[in-house]
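Asks: Chain by chain, the residues:
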Amino acid sequence: MSRSQSRIVGLVVVAMLLAVPYFLEEFWLQMGLFAMAAAIAAIGLTLLSGVAGQLSLAHAFYIAVGAYGYCYLAGDSGSDPGLDLPSGLNLPPVLALIGAVLLAGVAGALFSPIAGRLRGIYLGLASIGLVFVGQHILRAASGVTGGFNGRDAEPFSVLGFTFDATPMNVLGVEYHQLEKLWYLGLLFVAAGAWYAHSILGSRPGRALEAIRDSEVAAAVMGVNVPVYRGAAFVVSSMYAGLGGVFIALAYQRIVPDTFGFLYSLDFVVMIVLGGVASVRGAIVGAAVVICLPQLLDHYATSLPLVAAAGDDGLQPTDASRFLYGGAVVAVLIFSPGGLAGLARRLSPRHTKESTA
Amino acid sequence: MSQFFELTLSGLSLGCIYALLAMGFVIVFKATNVVNFSHASIVMLGAYLVASWNDSLGFFGAMAASAVVCAIAAAALDVIFVAPLRRRAGGTDAVAILTIALNILLGTLLARTVGTDILPSGAPWGAETTSILGARIPQTRIAAAIVAMAVMGVFYVAFTRSDWGVSMRAAATDPEAAALMGIRLSYVAAGAWAVAGVLAAIGGAFFISFPASGVSSSTGLLALAAVPVAVAGGLDSPFGALIGGLVIGVAQTLASGYQDHIAFLGRGLGEVIPYAVLFVVLLWRPSGLFGTKEMSRV
Numbered sequence: 001m002s003r004s005q006s007r008i009v010g011l012v013v014v015a016m017l018l019a020v021p022y023f024l025e026e027f028w029l030q031m032g033l034f035a036m037a038a039a040i041a042a043i044g045l046t047l048l049s050g051v052a053g054q055l056s057l058a059h060a061f062y063i064a065v066g067a068y069g070y071c072y073l074a075g076d077s078g079s080d081p082g083l084d085l086p087s088g089l090n091l092p093p094v095l096a097l098i099g100a101v102l103l104a105g106v107a108g109a110l111f112s113p114i115a116g117r118l119r120g121i122y123l124g125l126a127s128i129g130l131v132f133v134g135q136h137i138l139r140a141a142s143g144v145t146g147g148f149n150g151r152d153a154e155p156f157s158v159l160g161f162t163f164d165a166t167p168m169n170v171l172g173v174e175y176h177q178l179e180k181l182w183y184l185g186l187l188f189v190a191a192g193a194w195y196a197h198s199i200l201g202s203r204p205g206r207a208l209e210a211i212r213d214s215e216v217a218a219a220v221m222g223v224n225v226p227v228y229r230g231a232a233f234v235v236s237s238m239y240a241g242l243g244g245v246f247i248a249l250a251y252q253r254i255v256p257d258t259f260g261f262l263y264s265l266d267f268v269v270m271i272v273l274g275g276v277a278s279v280r281g282a283i284v285g286a287a288v289v290i291c292l293p294q295l296l297d298h299y300a301t302s303l304p305l306v307a308a309a310g311d312d313g314l315q316p317t318d319a320s321r322f323l324y325g326g327a328v329v330a331v332l333i334f335s336p337g338g339l340a341g342l343a344r345r346l347s348p349r350h351t352k353e354s355t356a
Numbered sequence: 001m002s003q004f005f006e007l008t009l010s011g012l013s014l015g016c017i018y019a020l021l022a023m024g025f026v027i028v029f030k031a032t033n034v035v036n037f038s039h040a041s042i043v044m045l046g047a048y049l050v051a052s053w054n055d056s057l058g059f060f061g062a063m064a065a066s067a068v069v070c071a072i073a074a075a076a077l078d079v080i081f082v083a084p085l086r087r088r089a090g091g092t093d094a095v096a097i098l099t100i101a102l103n104i105l106l107g108t109l110l111a112r113t114v115g116t117d118i119l120p121s122g123a124p125w126g127a128e129t130t131s132i133l134g135a136r137i138p139q140t141r142i143a144a145a146i147v148a149m150a151v152m153g154v155f156y157v158a159f160t161r162s163d164w165g166v167s168m169r170a171a172a173t174d175p176e177a178a179a180l181m182g183i184r185l186s187y188v189a190a191g192a193w194a195v196a197g198v199l200a201a202i203g204g205a206f207f208i209s210f211p212a213s214g215v216s217s218s219t220g221l222l223a224l225a226a227v228p229v230a231v232a233g234g235l236d237s238p239f240g241a242l243i244g245g246l247v248i249g250v251a252q253t254l255a256s257g258y259q260d261h262i263a264f265l266g267r268g269l270g271e272v273i274p275y276a277v278l279f280v281v282l283l284w285r286p287s288g289l290f291g292t293k294e295m296s297r298v
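As you go down the protein sequences, you meet chains A and B in turn.
Numbering-wise (the UniProt record's numbering), the first sequence opens with residue 1 and increments by one.
Numbering-wise (the UniProt record's numbering), the second sequence opens with residue 1 and increments by one.
So that you can see chain B by itself, here it is in the shape it has in the complex (with noise of 0.2 Å):
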């Protein structure tokens, strides 16, 4: 019973990240209508530079640092390639393949720069563990969720209360509209990118730290999973990345801690757990689960 509760805290801590990661890729869907598979590329992009730059700037700095790249590289993105595509209407598949090539273009790109080393987040918690109500932790992951949810609650605030989140909102609910009322379209849709580099940079961050040990070139393909979770909580839906993050993050840490029970299903299960509850909760909900239902208007 102390394992079960142990590996659903630890898997909440995991969800905290990946709501994160899948949080990026949600904004950027819901303010520009852009399926951004370039995100996986940003978050490892972000991840690298924090770790490259810590032993100078220390774990804290180098994560801001690193933030304000990956905002910059992110913005610049939809500017210089998306942008275009966007603004002819060449359909969300379309745009979705331009960003998968970026993604190559990039990904390819860091994974030689990362090359077959492996280097590490440099995060100030160690393998130390904490006991919270009888369950030990490992602190990599209670800080990950205290950040991850200190930083959702500022964009939650940000995106109700500011006028940038108000002007957001307005884009994403109608763009003709907001257009009108003197609202910049381009400057929204490029700040939302930038905000989805600064929590790929955050995420990552936190990513590489646990359960992983460090940035390798196959990060990048494992930062996908944020498109299962964004996916499975309903694209559109902040919210629903929460929710997808801590349900994914609870299932695959549980099914990787009982994995000697059900090795009947094959070793290394977890890693494909985010998709099988993707494909359940799309047979039961096809939007996701906060999704807005898709509907057509003749």
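The shape of chain A in the complex, shown without the other chains (with noise of 0.2 Å):
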């Protein structure tokens, strides 16, 4: 494809983004909402993992500190004595929103003890302490997080605009919660790729890239190598927060069971799928391991083999674990580039560079 070609495919791509809330149902506009949010964790862990190398399995725990945050700090101060529901800060939406992004990065940061001593796999594994850890404090701190049943999540407003359920009326259609929110995650993928790109493409991706290849030789040539990977963390949790804060807006309540080892394992499905450095990648990696289980669960009567929620037969989340579980070997063992490596190696493009 040619630049001015792949220019009009993704001007294309935009403007159906852009009128889904036009044509779809309030099913699609939900998964897409989902997805949007993972899209932007999972730019978030392309950096980390795929760009600096650094595997890390606490993602879900970064997502958590990222919808907690947002919903404490968003949330009502607890006025009502007669329910015990958990305290809030109050704070205005779009305030609350920066915090639970910074409170994820501090997040982040704290680790950073334990990260910058630990090297390669270690830090790998000694993640997956954090997401056990994170779940047992969210479950145990009720004042804050609401304990086992969860907290709501407050509207989010800028500019006394409200992303509620109060319907509005666009060029004669109904907006709702759901159409509203469409349009506000639409443009935060699109910020978090567009600054996930911009960091590639400057010094300090450049430097990270670096460090992938070969610590050493990168602090030779003057990267500080674990400043460097630090900043790695940060960034990609606070592009976690971010997805989390945008998760809590999507499903409205959010429970600790959601962020569980599990749901980190998605996340290093979605990068590995989609091809571990590349950010168009991780937002098409996180399209699919959303979308898939719901996909199955929708078209469970006219599928074969899988069976609906709650029937015997193979369950759809089931069915979908083993789809991607399976796509990850094979991705892995066929074609360690991910889907955007298989696009690469497949356009004319690359045929004629490696031909010349």
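Honestly, I wouldn't trust all of these hints.
What follows is a list of derived Cβ distance ranges for each label pair [as the list claims (entries may be wrong)]:
id	chain 1	residue 1	chain 2	residue 2	range
1	A	Asp257	B	Arg112	14 to 22 Å
2	B	Ser2	A	Pro113	34 to 42 Å
3	A	His298	B	Tyr156	48 to 56 Å
Calculated from the structure, these hints are not laboratory results.
The C-beta atom is built at its ideal place from N, Cα and C for all residues, glycine as well.
Dock the two chains into a complex; use the hints.
Replies: Written out as structure tokens, the structure reads:
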């Protein structure tokens, strides 16, 4: 594909995404929102694992910090004494969003005494602990998190415009919460992808790639390895935090059980499927991993082999676990670049380059 | 005081089971440099087979049969999936992600098979307790400790004395030199995975006898506790796995036993203790208690 052609394809995709609320039903919008939330967080993990080469299994923890951080900062201060509601700071949602992202960044920085000392696989294994310890804290600190039952997320609002269920008519279509959040999500994903791209193309991005390829060589070239690795950790957890805020907004209620070890694994699967060092790949991977179980569930009645949720037979979540578990095995063995690498290899531009 | 003594003994016994589970993880890492997340599923497979065969074969018969199946299953995972990627020098992280995916596949399969049931392990020891120095200890725990010690003893001797042990250690120390000496690296690797499978089956059988009451769909997730045990002890040190197991076993049992005194830290603290201990150990020694420090040569 030539440059102008791919630009046209990009514009068409953007136009289609913008028009989605005019064509698709609630189910699709909801699924899209979950995919966007995951995509934001997955971009963060791709910066850390794909670009800086640091495997992390703690992503679910940082997403939880963002999600709960937003709920706490924006939530009611628990003025109703009759109900045992979790407390909150009652900040304006915009400030709560920024605060939650910063909080996730701080959580990432707090792990750096461990992250800075550990190398390679030891850090990846230690990060598993964060997920388990974090989930325990979420369940135990019920004054802030609501404990097992979780807590509600305050609707987002900016400059007096609230992303809630109040109907609003735009060009003949009733906008409810989902439609409004759809555009907010697109904006976040676009901004996240743009920022990640600009990191990749700049000095810090090249420094991180150098660290991934050889720590010693990078240090010799003057890259401050611990600082850059710590920074990658912080930036990645801030992405996770933003993804978490959006997950809270999309689910409207969050519970600790969401943010478990399997959730962390989902994110690793996303970036591997997409191709580890590719921002676009992370978005595609997130869409695949999030949408697959819901699509299988939606079409369970018309698909062979898959049973409807709750029935006997292959459950949609299990079916999608098999599918994407198998896909990761296949990708790692046959196409280490992931879907992005596959696309790159199949595109005519690449073949021209390689034959030249 | 007697409660403390009882809990400590009980913790040491739990620690022995953890050590068995972690040792399989460590042996695979030492011999093939692979962080094997699918070990958790193999543990669950072993436990499930013991639970479903103990009616017809008896507990020990079921354990032996399960050990054979797990050894074959683990070796097959290595030969079919892991070895191709390892040979291509995919890097530790890529192989680790591969084993994570294998763990998702195998774990989902087993969780589906077990469903919502809880299958008892069928161990011949009931809830009867025996008194040791005035402390009352459930017999399952004593049996677990004795069997774990015996199994580890056998493997220690095999590791240091047998040809198999020598070739495995040679392959771990310097793969190229070992290959030049006529050691088949692929055999050594598959052998290490098979041994890990045997340890997983035996450890799994005891792991579900106590404190759990049988195999459930979450056994695979609980068996992941072998990971912090192995890392805290030092990923490449079988002796570290033993010490790490004992430390974490005791810490976990004490935390659960005294949880009324530390209720402000939340219920169910015991489950996260392995990970909390892991953080403390790693802050102090980044390569675990007995792990070899990673060096980089330019």
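Asks: For the range 14 to 22 Å, tell me whether the beta carbons of A/Asp257 and B/Arg112 fit it or not.
Replies: With a Cβ separation near 20 Å, A/Asp257 and B/Arg112 satisfy 14 to 22 Å, so the hint holds.
Asks: Could you tell me whether the CB distance from A/His298 to B/Tyr156 stays inside 48 to 56 Å?
Replies: holds (55 Å)
Asks: Is the gap between the beta carbons of B/Ser2 and A/Pro113 within 34 to 42 Å?
Replies: Holds - the Cβ-Cβ distance for B/Ser2 and A/Pro113, about 39 Å, lies within 34 to 42 Å.
Of the numbered hints listed earlier, not one is contradicted by the structure.
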